[in-house]
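S.K.: As a plain string of letters, each chain reads:
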Amino acid sequence: MSADSPWLRDCWYVIAWNHEIPPADAPQLFSRTALGEPILVLRTADGGLAAIEDRCCHRLAPLSKGRREGDCVRCGYHGLKFDAQGACVEAPGIAIVPARARVRSYPVALHNNWVFVWMGEPARADRALLPDNFSCDHPDWRHQPGYMHYDTPYLLICDNLLDFSHLSYVHEKTLGGSPRIAQAVPQIERLAHGIKVSRHVPDVAPPPFYQRFRRFDTHLDRWFVYEFLLPGTLLMHSGGRPVADAKDDLSRAVQLHSCQSLTPETETSTHYFFQQSHRAGQGDEGMTQSIYDSLLTAFNEDRDMITAQHRNILLNPQAPMLPLAMDAALVQFRRLLAARVQAERAAAAA
Amino acid sequence: MSADSPWLRDCWYVIAWNHEIPPADAPQLFSRTALGEPILVLRTADGGLAAIEDRCCHRLAPLSKGRREGDCVRCGYHGLKFDAQGACVEAPGIAIVPARARVRSYPVALHNNWVFVWMGEPARADRALLPDNFSCDHPDWRHQPGYMHYDTPYLLICDNLLDFSHLSYVHEKTLGGSPRIAQAVPQIERLAHGIKVSRHVPDVAPPPFYQRFRRFDTHLDRWFVYEFLLPGTLLMHSGGRPVADAKDDLSRAVQLHSCQSLTPETETSTHYFFQQSHRAGQGDEGMTQSIYDSLLTAFNEDRDMITAQHRNILLNPQAPMLPLAMDAALVQFRRLLAARVQAERAAAAA
Amino acid sequence: MSADSPWLRDCWYVIAWNHEIPPADAPQLFSRTALGEPILVLRTADGGLAAIEDRCCHRLAPLSKGRREGDCVRCGYHGLKFDAQGACVEAPGIAIVPARARVRSYPVALHNNWVFVWMGEPARADRALLPDNFSCDHPDWRHQPGYMHYDTPYLLICDNLLDFSHLSYVHEKTLGGSPRIAQAVPQIERLAHGIKVSRHVPDVAPPPFYQRFRRFDTHLDRWFVYEFLLPGTLLMHSGGRPVADAKDDLSRAVQLHSCQSLTPETETSTHYFFQQSHRAGQGDEGMTQSIYDSLLTAFNEDRDMITAQHRNILLNPQAPMLPLAMDAALVQFRRLLAARVQAERAAAAA
Chain A
1 MSADSPWLRD CWYVIAWNHE IPPADAPQLF SRTALGEPIL VLRTADGGLA
51 AIEDRCCHRL APLSKGRREG DCVRCGYHGL KFDAQGACVE APGIAIVPAR
101 ARVRSYPVAL HNNWVFVWMG EPARADRALL PDNFSCDHPD WRHQPGYMHY
151 DTPYLLICDN LLDFSHLSYV HEKTLGGSPR IAQAVPQIER LAHGIKVSRH
201 VPDVAPPPFY QRFRRFDTHL DRWFVYEFLL PGTLLMHSGG RPVADAKDDL
251 SRAVQLHSCQ SLTPETETST HYFFQQSHRA GQGDEGMTQS IYDSLLTAFN
301 EDRDMITAQH RNILLNPQAP MLPLAMDAAL VQFRRLLAAR VQAERAAAAA
Chain B
1 MSADSPWLRD CWYVIAWNHE IPPADAPQLF SRTALGEPIL VLRTADGGLA
51 AIEDRCCHRL APLSKGRREG DCVRCGYHGL KFDAQGACVE APGIAIVPAR
101 ARVRSYPVAL HNNWVFVWMG EPARADRALL PDNFSCDHPD WRHQPGYMHY
151 DTPYLLICDN LLDFSHLSYV HEKTLGGSPR IAQAVPQIER LAHGIKVSRH
201 VPDVAPPPFY QRFRRFDTHL DRWFVYEFLL PGTLLMHSGG RPVADAKDDL
251 SRAVQLHSCQ SLTPETETST HYFFQQSHRA GQGDEGMTQS IYDSLLTAFN
301 EDRDMITAQH RNILLNPQAP MLPLAMDAAL VQFRRLLAAR VQAERAAAAA
Chain C
1 MSADSPWLRD CWYVIAWNHE IPPADAPQLF SRTALGEPIL VLRTADGGLA
51 AIEDRCCHRL APLSKGRREG DCVRCGYHGL KFDAQGACVE APGIAIVPAR
101 ARVRSYPVAL HNNWVFVWMG EPARADRALL PDNFSCDHPD WRHQPGYMHY
151 DTPYLLICDN LLDFSHLSYV HEKTLGGSPR IAQAVPQIER LAHGIKVSRH
201 VPDVAPPPFY QRFRRFDTHL DRWFVYEFLL PGTLLMHSGG RPVADAKDDL
251 SRAVQLHSCQ SLTPETETST HYFFQQSHRA GQGDEGMTQS IYDSLLTAFN
301 EDRDMITAQH RNILLNPQAP MLPLAMDAAL VQFRRLLAAR VQAERAAAAA
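Protein chains in written order, with the UniProt record's numbering: chain A, 1 to 350; chain B, 1 to 350; chain C, 1 to 350.
One should not assume that every hint holds.
DMTMM-like, lysine to aspartate or glutamate: derived pairs with alpha carbons at most 20 Å apart [claimed, not checked]:
hint, chain 1, residue 1, chain 2, residue 2
1, B, 81, A, 172
2, B, 81, A, 327
3, C, 173, A, 69
4, C, 173, C, 140
5, C, 81, B, 172
6, A, 65, A, 20
7, C, 65, B, 69
8, B, 65, A, 172
9, A, 65, C, 83
10, A, 173, B, 151
11, C, 65, B, 301
12, A, 81, C, 327
13, B, 196, B, 327
14, B, 173, C, 69
15, B, 65, A, 304
16, A, 173, A, 189
17, C, 65, B, 151
18, B, 65, A, 151
19, C, 81, B, 69
20, C, 65, B, 304
21, B, 173, B, 151
22, A, 65, C, 203
23, A, 81, C, 172
24, B, 65, A, 301
25, A, 65, C, 69
26, B, 65, B, 20
27, A, 65, C, 285
One side of the interface only, derived from the structure: several residues of chain B facing chain C at Cβ under 7 Å [stated by the list, open to error]:
hint, residue
28, 148
29, 152
30, 165
Keep in mind the hints are simulated off the structure, nothing from the lab. Just so you know, even glycine gets a beta-carbon here, dropped at the ideal spot from N, CA and C.
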């Protein structure tokens, strides 16, 4: 691990939805860059997953431009063959392959349909640190999986997700709908590996996409309760209940669970994995698709705004931001992240 | 003002034609970058103009992606509201907005249909320094306004305008037409804020676009007399008279007045505002359009050449230029500009 | 010559195929950038060739955007006129052109349809150093000339050409066809100005494009014998003979000669000139075209791979390569080149 990495390394990053990785008997090879490192993810014959550096140790060609041979991959440039652990097991014309001929192997974990890679020291990989993205794979919940690419640094998107006051403005006509979301003061709690944000917004009009659940003709009490965990995963319960209903009466409430995760591709680009789930059995047939469409529309609004913000930052990288009360969660998250990165660098330098 | 700005700051830069700024009751917001700074120009309800930094002080999003509320603009990201002087007058969920929550405001001046911003110290903004671009708004003169964008540094375009010998070559088939334009030695005078160039070219064929004024069947005596003023504005009287006519007989002469101004967008891109006016009542109905078309054709020739020149410079930024006699005006202008920038930097550093 | 040039200077680089240079009486001007320098190549009225810097000494505009006047070129910006040796012979409005008004002139050589320029000290230009690209212009050989542009550094392409083990993988379905090409150990010899590589591959299936020569129904013994000369020229005899035939019986053999040359355009882009010739009289009418098509298909495979390799290198420029036995020729060539460049720098600094 480099002493000057700009990112946290000892943690799990989502690299793909499970369905993106081709089956073991398909010829396609899946590759995606995370933290500036090209990574090939392979489904093995035993049904497991393997992740190795997508850069041949010989001349640095991407292995993903080669071909599968069983659970191995052969480089398409000069024919070196690597097993799923990254060891070179064959090199044309070379009787004994040197032991140092290998590419990096990454611990990989499949957890509720998200494929994670551990970008730090393999020995420290710990499945207990995987986030509880249960609704990505749960019989009581329904969703359509989403992926989006950003040409901005990942921290600007973390910022966005840590301050939902933007729902009143960026998503005025989609997910949000009322300035009262921005006016509501959220409760912020520090967690061991992130921040918890709880925002309750009483007595507001339902957002347009709620009407698909049922025809609401009264205001709702809405809530957004989420954890935002290192390195960049949001796990959120949200919903709305007619104001007349008792607090514990969810019979007419909309209940949603959303899992979203950000993985830096490079210093200026980001992968965004997301879904928002509704309870199975709620709404009509098109409900799942409808929620996905609303989310995608809204996330395009975010991306437009953040991309414009990034252009402004590029025009003058020294221009300071002005922290305001609404930034409490994101400031805490940035501090937590910086402290962890700093600790990793210190450990790596020692 | 930064001590290392590459540009002159204490001066007026054209940021727009007046007609480009939407009316006070329109929802659109106008933004343009000058000297690397994004600037939002707003027409206020009282008919005035305001110019503020197009970058929210909070998270640096462009205010122009937000919305008008009266003479204020609300940021479309988190809802901060700014008045036309750049003060934040409302922030969602914050009872008392901190005084330092504000964006930069620029002195703005509307003068003969050009909208100018003062990029330096506001207290030094001086309307007496506005150029005399009278023909941009004068009952005796007609023109069609032009705008063009360059992907080159603005000084290369100043160079172009300060040496009309290029008319014989770049514009051989359009504005120019004869090597005698290049051969004529212009008179160069130093002004308080620029350079004056007077070039008389006796006994040459009329350029093609003159034929629209009247059918010339003899050679002309042509003249180009212009001031080129800091930071980059050309104000020119030009024309041509049949060689047989007396010097003071303009009855059959073509008389033109042109106003052109260059504003750096970034270090490698430039805004170009231009028009060439003819006397009202001269020529047929299509005259104004015809002059504009000729000018645009010629300015595309300039842009092609200067863009190619810039590519060559990028290939080897150290390659020296060789000053020749024809560069007298541009060398003087570059010296004047460098001295002024140097003086500003010294004052800013003091 | 610069003391920190990344390239070898005292050598011939191919700048064009002869047919690319317009005739002396055509208005077009030919320009191409080599080693970061824009170069205009002119066919003169006496049938010779001249090469001068394509960058006017005055304001650095490309002369190729100007026009021919006999054997001279007039700059299209301000009208300076240069002769074929690079001297400025006329400048508008200037009675006596200063002697330092000139652009660089390059020694140029036409040799077997390749146009070469000498990029180093002109006094050291030596036609004896021109490569023996005889088949580019020989009555006994036929080819169709090829040109391709790469957006990668030229050394990555040299690497490719110095290790034919890639034929088994990159060109598995085109020029190559068998892993035995990679498995065959080539003989490597050091030459005065390059490397000689001889690879014999016994008893392999014929590659698809050989079938155009004749219908082969047995395996072949194939050979690839080539010199790879500074700065980046491959001269190769290759072919294949039915395994049953005696070594000196070429009656049923395929015999090819290929000339290929790489010229750096910039540090990250390259010109590639190539042809593969067959004996005149062999094959049907479409043979020449068919060989060219096969070559082009294969060279696009190379470019795809090398471009992907280059992207990986850009992601992490510090990632080391791992030299293996198959890299013997390219390692020797890189060492030879580095030593020559180093010697030139030392001489230039002295």
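S.K.: Run every hint past the structure and note whether it holds.
M.R.: Outcome of the hint check:
Using a Cα cut-off of 20 Å, the hinted pair residue 81/B and residue 172/A holds, with the two alpha carbons roughly 16 Å apart. The suggested pairing of residue 81/B with residue 327/A holds, with an alpha-carbon distance near 17 Å, which does not exceed 20 Å. Note on residue 173/C and residue 69/A: the hinted pairing holds, with a Cα-Cα distance of about 17 Å set against a maximum of 20 Å. Restraint check for residue 173/C and residue 140/C: not satisfied, since their Cα atoms lie roughly 29 Å apart, outside the 20 Å limit.
Proposed proximity of residue 81/C and residue 172/B is supported: the alpha carbons are some 16 Å apart, at most 20 Å. Pair hint residue 65/A plus residue 20/A holds up; C-alpha atoms about 17 Å apart against a cutoff of 20 Å. About 52 Å separates the Cα atoms of residue 65/C and residue 69/B, which puts this hinted pair outside 20 Å; it is violated. Between residue 65/B and residue 172/A the alpha-carbon distance is near 13 Å, which keeps this suggested pair within the 20 Å criterion.
For the proposed pair residue 65/A and residue 83/C, the alpha carbon gap of about 51 Å is over 20 Å, so the pair is violated. Taken as a hint, the residue 173/A and residue 151/B pair is broken in the structure, with Cα atoms around 37 Å apart against an allowance of 20 Å. With a C-alpha separation of about 11 Å, the suggested pairing of residue 65/C with residue 301/B holds against the 20 Å cut-off. For the proposed pair residue 81/A and residue 327/C, the alpha carbon gap of about 17 Å is at most 20 Å, so the pair holds.
Note on residue 196/B and residue 327/B: the hinted pairing holds, with a Cα-Cα distance of about 13 Å set against a maximum of 20 Å. The suggested pairing of residue 173/B with residue 69/C holds, with an alpha-carbon distance near 17 Å, which does not exceed 20 Å. With a CA separation close to 9 Å, the supplied pair residue 65/B and residue 304/A stays within the 20 Å bound. Under the criterion of a C-alpha separation no larger than 20 Å, the hint pairing residue 173/A with residue 189/A is inconsistent with the structure, at around 30 Å.
A C-alpha spacing of about 18 Å is found between residue 65/C and residue 151/B, which places the hinted pair at or below 20 Å, so the restraint holds. For the suggested pair residue 65/B and residue 151/A, the alpha carbons sit about 18 Å apart, so the restraint of at most 20 Å is met. For the hint pairing residue 81/C with residue 69/B, the CA-to-CA distance comes to about 61 Å; that exceeds 20 Å, so the pair is violated. With a C-alpha separation of about 9 Å, the suggested pairing of residue 65/C with residue 304/B holds against the 20 Å cut-off.
Distance hint between residue 173/B and residue 151/B is unfulfilled; the C-alpha atoms sit about 24 Å from each other, more than 20 Å. Proximity of residue 65/A to residue 203/C is assessed by CA-CA distance (about 28 Å); at most 20 Å being required, the pair is judged violated. Distance check on the hinted pair: residue 81/A and residue 172/C sit about 16 Å apart at the alpha-carbon level, within 20 Å; holds. Of the pairs offered as hints, the one joining residue 65/B and residue 301/A holds, with about 11 Å between alpha carbons and a cut-off of 20 Å not exceeded.
Between residue 65/A and residue 69/C the alpha-carbon distance is near 52 Å, which puts this suggested pair outside the 20 Å criterion. For the suggested pair residue 65/B and residue 20/B, the alpha carbons sit about 17 Å apart, so the restraint of at most 20 Å is met. For the proposed pair residue 65/A and residue 285/C, the alpha carbon gap of about 36 Å is over 20 Å, so the pair is violated. The closest approach between the C-beta of residue 148/B and any C-beta of chain C is roughly 18 Å, which is over the 7 Å cut-off, so the hint fails.
At a threshold of 7 Å, the smallest CB-CB gap from residue 152/B to chain C is about 12 Å, leaving the interface hint violated. The interface hint given for residue 165/B is met, as the beta carbon of that residue sits about 5 Å from the closest beta carbon of chain C, less than 7 Å.
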